[in-house]
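Q: Here is what each chain is made of, one letter per residue.
6 protein chains.
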Amino acid sequence: MIYVSRKEHFNAAHKLYNPNWSREKNIEIFGPCANENWHGHNYDLIVTVSGDPDPETGFVVDLKKLSVLIKKEVLEELDHQNLNLDVPFMAGKMASTEVLAQEIWNILEPKISSITSHGSLFCIKLYETPRNYVEYYGPGV
Amino acid sequence: MIYVSRKEHFNAAHKLYNPNWSREKNIEIFGPCANENWHGHNYDLIVTVSGDPDPETGFVVDLKKLSVLIKKEVLEELDHQNLNLDVPFMAGKMASTEVLAQEIWNILEPKISSITSHGSLFCIKLYETPRNYVEYYGPGV
Amino acid sequence: MIYVSRKEHFNAAHKLYNPNWSREKNIEIFGPCANENWHGHNYDLIVTVSGDPDPETGFVVDLKKLSVLIKKEVLEELDHQNLNLDVPFMAGKMASTEVLAQEIWNILEPKISSITSHGSLFCIKLYETPRNYVEYYGPGV
Amino acid sequence: MIYVSRKEHFNAAHKLYNPNWSREKNIEIFGPCANENWHGHNYDLIVTVSGDPDPETGFVVDLKKLSVLIKKEVLEELDHQNLNLDVPFMAGKMASTEVLAQEIWNILEPKISSITSHGSLFCIKLYETPRNYVEYYGPGV
Amino acid sequence: MIYVSRKEHFNAAHKLYNPNWSREKNIEIFGPCANENWHGHNYDLIVTVSGDPDPETGFVVDLKKLSVLIKKEVLEELDHQNLNLDVPFMAGKMASTEVLAQEIWNILEPKISSITSHGSLFCIKLYETPRNYVEYYGPGV
Amino acid sequence: MIYVSRKEHFNAAHKLYNPNWSREKNIEIFGPCANENWHGHNYDLIVTVSGDPDPETGFVVDLKKLSVLIKKEVLEELDHQNLNLDVPFMAGKMASTEVLAQEIWNILEPKISSITSHGSLFCIKLYETPRNYVEYYGPGV
Numbered sequence: 687m688i689y690v691s692r693k694e695h696f697n698a699a700h701k702l703y704n705p706n707w708s709r710e711k712n713i714e715i716f717g718p719c720a721n722e723n724w725h726g727h728n729y730d731l732i733v734t735v736s737g738d739p740d741p742e743t744g745f746v747v748d749l750k751k752l753s754v755l756i757k758k759e760v761l762e763e764l765d766h767q768n769l770n771l772d773v774p775f776m777a778g779k780m781a782s783t784e785v786l787a788q789e790i791w792n793i794l795e796p797k798i799s800s801i802t803s804h805g806s807l808f809c810i811k812l813y814e815t816p817r818n819y820v821e822y823y824g825p826g827v
Numbered sequence: 687m688i689y690v691s692r693k694e695h696f697n698a699a700h701k702l703y704n705p706n707w708s709r710e711k712n713i714e715i716f717g718p719c720a721n722e723n724w725h726g727h728n729y730d731l732i733v734t735v736s737g738d739p740d741p742e743t744g745f746v747v748d749l750k751k752l753s754v755l756i757k758k759e760v761l762e763e764l765d766h767q768n769l770n771l772d773v774p775f776m777a778g779k780m781a782s783t784e785v786l787a788q789e790i791w792n793i794l795e796p797k798i799s800s801i802t803s804h805g806s807l808f809c810i811k812l813y814e815t816p817r818n819y820v821e822y823y824g825p826g827v
Numbered sequence: 687m688i689y690v691s692r693k694e695h696f697n698a699a700h701k702l703y704n705p706n707w708s709r710e711k712n713i714e715i716f717g718p719c720a721n722e723n724w725h726g727h728n729y730d731l732i733v734t735v736s737g738d739p740d741p742e743t744g745f746v747v748d749l750k751k752l753s754v755l756i757k758k759e760v761l762e763e764l765d766h767q768n769l770n771l772d773v774p775f776m777a778g779k780m781a782s783t784e785v786l787a788q789e790i791w792n793i794l795e796p797k798i799s800s801i802t803s804h805g806s807l808f809c810i811k812l813y814e815t816p817r818n819y820v821e822y823y824g825p826g827v
Numbered sequence: 687m688i689y690v691s692r693k694e695h696f697n698a699a700h701k702l703y704n705p706n707w708s709r710e711k712n713i714e715i716f717g718p719c720a721n722e723n724w725h726g727h728n729y730d731l732i733v734t735v736s737g738d739p740d741p742e743t744g745f746v747v748d749l750k751k752l753s754v755l756i757k758k759e760v761l762e763e764l765d766h767q768n769l770n771l772d773v774p775f776m777a778g779k780m781a782s783t784e785v786l787a788q789e790i791w792n793i794l795e796p797k798i799s800s801i802t803s804h805g806s807l808f809c810i811k812l813y814e815t816p817r818n819y820v821e822y823y824g825p826g827v
Numbered sequence: 687m688i689y690v691s692r693k694e695h696f697n698a699a700h701k702l703y704n705p706n707w708s709r710e711k712n713i714e715i716f717g718p719c720a721n722e723n724w725h726g727h728n729y730d731l732i733v734t735v736s737g738d739p740d741p742e743t744g745f746v747v748d749l750k751k752l753s754v755l756i757k758k759e760v761l762e763e764l765d766h767q768n769l770n771l772d773v774p775f776m777a778g779k780m781a782s783t784e785v786l787a788q789e790i791w792n793i794l795e796p797k798i799s800s801i802t803s804h805g806s807l808f809c810i811k812l813y814e815t816p817r818n819y820v821e822y823y824g825p826g827v
Numbered sequence: 687m688i689y690v691s692r693k694e695h696f697n698a699a700h701k702l703y704n705p706n707w708s709r710e711k712n713i714e715i716f717g718p719c720a721n722e723n724w725h726g727h728n729y730d731l732i733v734t735v736s737g738d739p740d741p742e743t744g745f746v747v748d749l750k751k752l753s754v755l756i757k758k759e760v761l762e763e764l765d766h767q768n769l770n771l772d773v774p775f776m777a778g779k780m781a782s783t784e785v786l787a788q789e790i791w792n793i794l795e796p797k798i799s800s801i802t803s804h805g806s807l808f809c810i811k812l813y814e815t816p817r818n819y820v821e822y823y824g825p826g827v
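Residue numbers (my numbering), protein chains in the order written: chain L, 687 to 827; chain Y, 687 to 827; chain D, 687 to 827; chain S, 687 to 827; chain P, 687 to 827; chain U, 687 to 827.
Hints were generated in silico from the structure; no laboratory data involved.
As the structure is a prediction and not an experimental result, all values here were calculated from the model.
Honestly, I wouldn't trust all of these hints.
Any copy, or any two copies together, can satisfy a pair, since identical chains are not distinguished.
Lysine-lysine pairs mimicking DSS-like chemistry, simulated, CA-CA at most 30 Å apart [to be verified]:
| no. | residue 1 | residue 2 |
| --- | --- | --- |
| 1 | Lys711 | Lys750 |
| 2 | Lys711 | Lys779 |
| 3 | Lys811 | Lys751 |
| 4 | Lys758 | Lys779 |
| 5 | Lys751 | Lys797 |
For reference, chain L alone in the conformation it holds in the complex:
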């Protein structure tokens, strides 16, 4: 088994805000992240696929194909968008890095088989800043 990773980049606006709470409680819990006028980040997204290399190519997955897939399925939805307002798959969800990583997994996991028969999705790693990041390995892991 080899783990193969591709790093992509997008930027977006968001706020952390629970609509079931008062404005005061949101500010108490989320601090400046609850700013109603939004703030934003440059996100780094690392997608890892695991499998045994195809003996004919030496590849678990062609990283150019993986890059194209991530751009088409994920970055076109997220780049230069507002995570709370513009992104259908985030509608009604908290715009935390944790939740966003899970949703990216849910989008990409069924699509990996369209670009390789030698690997499957292993991990979504998402940096909100160079100092804050999350990793998700799928449900039940």
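Chain L is already provided as a structure; the job is to place chains Y, D, S, P and U on it using the hints.
A: Frame of chain L; chains Y, D, S, P and U shown alone:
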């Protein structure tokens, strides 16, 4: 002469949008950066002070004092804010990295003498993303 | 399960020196790291907490709270200190990155429950230099 | 158990080319990576050894010894070389990052015991570019 | 005056080899860089344009247009190529980072006016590795 | 004119302490940097040489020779040392980054002509941490 630099960090939302233009023209010129629902960035800010070191301290400027000054005068205004809506010194200005760097210069330049008598502001370097950045050395340079 | 990480920074002096050995043996084993006048490093510390996000916040742990905890419990003990002379929890121990990572685990592991009920400490990753680092996942792992 | 890592660097030329295929099929599958005149990369190699620290040194492995071993066994074979033409252990193999990481494992795994009795090889992580990398944990993992 | 920079990336094979010298002299002068089977690098290219921002856009130059220009004029010639064999503008020249930076200047300098009327080319910065790089500010500077 | 740079690395212990002042005043001015038991850093040193490339090599300076020179003249004096106690050229001087950069200039400037006849020392850039650094261009600049 020695050039001494301190790197700080903030994140913010913004859009590139000229209110004198139609929405169509803004989208034509600024593309996804004109998204009316905003997007955002992690900005890296490098402030450079130049001068001759004080022989008693070996410092052109105490970088802890410079860090405190940048946080108080600049980051408290910008961090987790919307550059177009929340920042008084950006009101009515284009929220480009170029303009933001000039405004940060205008704020910090007169304040450097409050933390050192051996140096003056030399450069504002501002990264909007790891791949896009600007430098400003003051008016007339 | 989501893995959430926060990166912090400190710098310190240390030497690698086994007091049960002669000076010659220390130099033979540790080379310049045994310099009796000390050397030092900028350490990067990454603390990872794992758990299921709280549905109300979208957080496994509030990374601002994690940052405050790391600063209070770990960085106040280590930053700008001498690991061999100034740090009570390193007294009588080898000041290697391996041992330091284990001791940081021992300090933080029981404190994570004070900042989240949705996660527990998963990993301490400690960079001594950009090229040398260790990871520790707790006893018995 | 502690995981201790050392990062090294080399650069090399290569092409992705399956000699059982026509030139046209190679270009179709590998695109510009099949350029018959070669291209190249700065590779970053991270070698991770796991074990319990030696109580007398605080080390799982002396990272200077690990660095010397990597240089002698791996970098002398790869640095400033052509992976397809100059490297005996890559002869007849696809010069993908996946295959190269496996071969580096095969070289280093039996040699770790020559520099430490407290650890064994855990992972080979190989960056072909800052955005493309692979990890290998040995056969059967 | 503001200095605006865009970072791009390419990889290539090359060798350092003076055809007027014997093979022995080339190896004596260039060492492993003279390997006749080539080696290669991931190059980072930073292009800096200087000028006064356009008051209507806040831009010295639209960095998306600058990125497109660099890709079309420079990266299409260099990426995944052999600098000695495949690149017309390097034919008959030493494939050093110094010479390559000068040639990139010569290509881009006359083209900047096609994407902005507010700036001109100021600097080409070219990293051959993260530790080796050159800067060129044009002839006569 | 081309500017060619080489990045090297060392680590060291130091303290900021003016022996003409009381201990209290040192702590007041330098804070934790005055810790009498020392602290330390991983320093990054970038040395820039400027000149016209030699037409026969394409080099302003052979960066391998520059690396060897920096290691012999500077790093052997500084790496794994105490800047206040172990380094003859820092004796009696404040161990600030500013002063250290000036002293490295004084050592290297007269030696560059021993490795190239096409360039001279242009800049010493010294990072004390990734966020604090200084640049020195020689006396009278």
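Q: As a check of your reading, is Lys711 near Lys779 (CA-CA no more than 30 Å) within one copy, between copies, both or neither?
A: within (18 Å within a copy, 33 Å between copies)
Q: Is it within a copy, between copies, both, or neither that the alpha carbon of Lys711 lies no farther than 30 Å from that of Lys750?
A: Between copies only: 17 Å across, 45 Å inside.
Q: At most 30 Å between alpha carbons: which applies to Lys811 and Lys751, within, between, both or neither?
A: Both. Shortest intra-copy (19 Å) and inter-copy (21 Å) distances satisfy the 30 Å Cα cut-off.
Q: Reference check for the pair Lys758 and Lys779, CA-CA at most 30 Å: within, between, both, or neither?
A: within (22 Å within a copy, 32 Å between copies)
Q: Under a CA distance limit of 30 Å, which applies to Lys751 and Lys797: within one copy, between copies, both, or neither?
A: within (11 Å within a copy, 32 Å between copies)
Of the hints listed earlier, there is not a single one the structure fails to meet.
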